[in-house]
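Participant: Given the sequences, and given the hints that come with them, work out the whole structure.
Residues per chain are reported as follows:
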Amino acid sequence: EDKVVQSPLSLVVHEGDTVTLNCSYEVTNFRSLLWYKQEKKAPTFLFMLTSSGIEKKSGRLSSILDKKELFSILNITATQTGDSAVYLCAVEDSGGYQKVTFGIGTKLQVIP
Amino acid sequence: GAVVSQHPSRVICKSGTSVKIECRSLDFQATTMFWYRQFPKQSLMLMATSNEGSKATYEQGVEKDKFLINHASLTLSTLTVTSAHPEDSSFYICSAPHDEKLFFGSGTQLSVL
Chain A
14 EDKVVQSPLS
24 LVVHEGDTVT
34 LNCSYEVTNF
44 RSLLWYKQEK
54 KAPTFLFMLT
64 SSGIEKKSGR
74 LSSILDKKEL
84 FSILNITATQ
94 TGDSAVYLCA
104 VEDSGGYQKV
114 TFGIGTKLQV
124 IP
Chain B
3 GAVVSQHPSR
13 VICKSGTSVK
23 IECRSLDFQA
33 TTMFWYRQFP
43 KQSLMLMATS
53 NEGSKATYEQ
63 GVEKDKFLIN
73 HASLTLSTLT
83 VTSAHPEDSS
93 FYICSAPHDE
103 KLFFGSGTQL
113 SVL
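Chains as they are written, first to last, in our numbering: chain A, 14 to 125; chain B, 3 to 115.
Read the hints as simulated data drawn from the structure, not as lab findings. These numbers were taken from a predicted model, which means no experiment stands behind them. Keep in mind that a hint or two might mislead.
Each computed BS3-like pair below joins lysine-lysine, with the alpha-carbon atoms no more than 30 Å apart [unchecked claim]:
#1 B:Lys57 / B:Lys103
#2 A:Lys112 / A:Lys54
#3 B:Lys68 / A:Lys69
#4 A:Lys53 / A:Lys70
#5 A:Lys70 / B:Lys43
#6 B:Lys43 / A:Lys69
#7 A:Lys53 / A:Lys16
#8 B:Lys16 / A:Lys53
#9 A:Lys16 / B:Lys43
#10 B:Lys68 / A:Lys16
#11 A:Lys112 / B:Lys57
#12 B:Lys103 / A:Lys54
#13 A:Lys16 / A:Lys120
#14 A:Lys80 / A:Lys120
#15 A:Lys54 / A:Lys120
#16 B:Lys43 / A:Lys50
To give an idea of the chain B side of the interface with chain A (calculated C-beta under 10 Å), a few residues [stated by the list, open to error]:
#17 Ser11
#18 Tyr38
#19 Gln40
#20 Lys43
#21 Phe93
#22 Ser97
#23 Lys103
#24 Gly109
#25 Thr110
#26 Ser113
Listing some non-contacts, in silico: residues in chain A with all C-beta distances to chain B over 10 Å [stated by the list, open to error]:
#27 Val32
#28 Val40
#29 Ser64
#30 Ile67
#31 Ser71
#32 Arg73
#33 Asp79
#34 Phe84
#35 Thr90
#36 Gln93
#37 Asp106
Each residue gets a CB set at the ideal place from its N, CA and C atoms; glycine is no exception.
Facilitator: Here's what the structure looks like:
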């Protein structure tokens, strides 16, 4: 059974801090790892990672995947209050989109 | 990016009634849509895969007669929770794949009294 474990479960930081969110996984036939930001209920897509060691970047957010150690990290630099959200990690196996397993999420709160 | 619209956002109903939730892809066609459920402090769990023009595929443990899914067009899937009970109270959310990404609706919070 596919499994995704995220840590920490929650995090409180001050504006300007840098945070690292962790995601470890077990999947039968790995296809991709996905990061979403969930605020006010609707998850929005952040990154899709398929290859080890290649950093994906979008503004202050970046993510990298290690397929050997079965984990990924999501970094947010110079955090802002608007970064407050639940960050979801998910893995997709080669069964297609039907086989997407989500972690429980990391709740990030950025305080001024 | 692509938009998936889900309605209603919140439903409060009496036990025994049926509730219909709609999921629409607004600017793309979706032959497949997915329905998830999320209980408090738990992860999103896939309930079923909605297939346009054919029967939905349900995950193990999800009652197909209780959670009726209809995908009558390329842009609309509906989930009907029949004879809802308090234990069905949960957050229901749909998603549709487009351009190798999954786009989510805004979710429906169902409270059954």
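Participant: Hint by hint, note whether the structure agrees.
Facilitator: Do the hints match the structure? See the list:
1. B:Lys57 / B:Lys103: holds (23 Å)
2. A:Lys112 / A:Lys54: holds (21 Å)
3. B:Lys68 / A:Lys69: violated (42 Å)
4. A:Lys53 / A:Lys70: holds (24 Å)
5. A:Lys70 / B:Lys43: holds (29 Å)
6. B:Lys43 / A:Lys69: holds (29 Å)
7. A:Lys53 / A:Lys16: holds (25 Å)
8. B:Lys16 / A:Lys53: Given pair Lys16 of chain B, Lys53 of chain A holds - Cα atoms ~25 Å apart, limit 30 Å.
9. A:Lys16 / B:Lys43: holds (16 Å)
10. B:Lys68 / A:Lys16: holds (27 Å)
11. A:Lys112 / B:Lys57: holds (18 Å)
12. B:Lys103 / A:Lys54: holds (18 Å)
13. A:Lys16 / A:Lys120: Roughly 19 Å between the alpha carbons, so the hint for Lys16 of chain A and Lys120 of chain A holds.
14. A:Lys80 / A:Lys120: holds (24 Å)
15. A:Lys54 / A:Lys120: Measuring from Cα to Cα gives roughly 12 Å; hence the hint holds.
16. B:Lys43 / A:Lys50: Holds, because 16 Å separates the two Cα atoms, which is no more than 30 Å.
17. Ser11: holds (8 Å)
18. Tyr38: At about 8 Å, which falls below the 10 Å cut-off, the nearest Cβ of chain A leaves the hint on Tyr38 of chain B intact, so it holds.
19. Gln40: Gln40 of chain B check passes; min Cβ-Cβ to chain A is 9 Å, inside 10 Å.
20. Lys43: holds (7 Å)
21. Phe93: At about 7 Å, which falls below the 10 Å cut-off, the nearest Cβ of chain A leaves the hint on Phe93 of chain B intact, so it holds.
22. Ser97: Nearest chain A Cβ about 8 Å off; hint holds.
23. Lys103: Holds. Min distance 5 Å.
24. Gly109: holds (4 Å)
25. Thr110: holds (9 Å)
26. Ser113: Cβ of Ser113 of chain B sits 14 Å from chain A, so the hint is violated.
27. Val32: Given a closest Cβ separation of 20 Å, the condition holds.
28. Val40: With a cut-off of 10 Å, Val40 of chain A remains clear of chain B, as the shortest Cβ separation is near 14 Å.
29. Ser64: holds (14 Å)
30. Ile67: For Ile67 of chain A, whose nearest Cβ neighbour in chain B is about 16 Å away, the distance exceeds 10 Å, so it holds.
31. Ser71: Since the minimum Cβ distance to chain B is about 13 Å, Ser71 of chain A lies beyond 10 Å and the statement holds.
32. Arg73: holds (19 Å)
33. Asp79: Fine: 22 Å to the nearest Cβ keeps Asp79 of chain A off the interface.
34. Phe84: Nearest chain B Cβ is 17 Å from Phe84 of chain A, so the label holds.
35. Thr90: For Thr90 of chain A, whose nearest Cβ neighbour in chain B is about 23 Å away, the distance exceeds 10 Å, so it holds.
36. Gln93: holds (21 Å)
37. Asp106: Holds, since 12 Å exceeds 10 Å.
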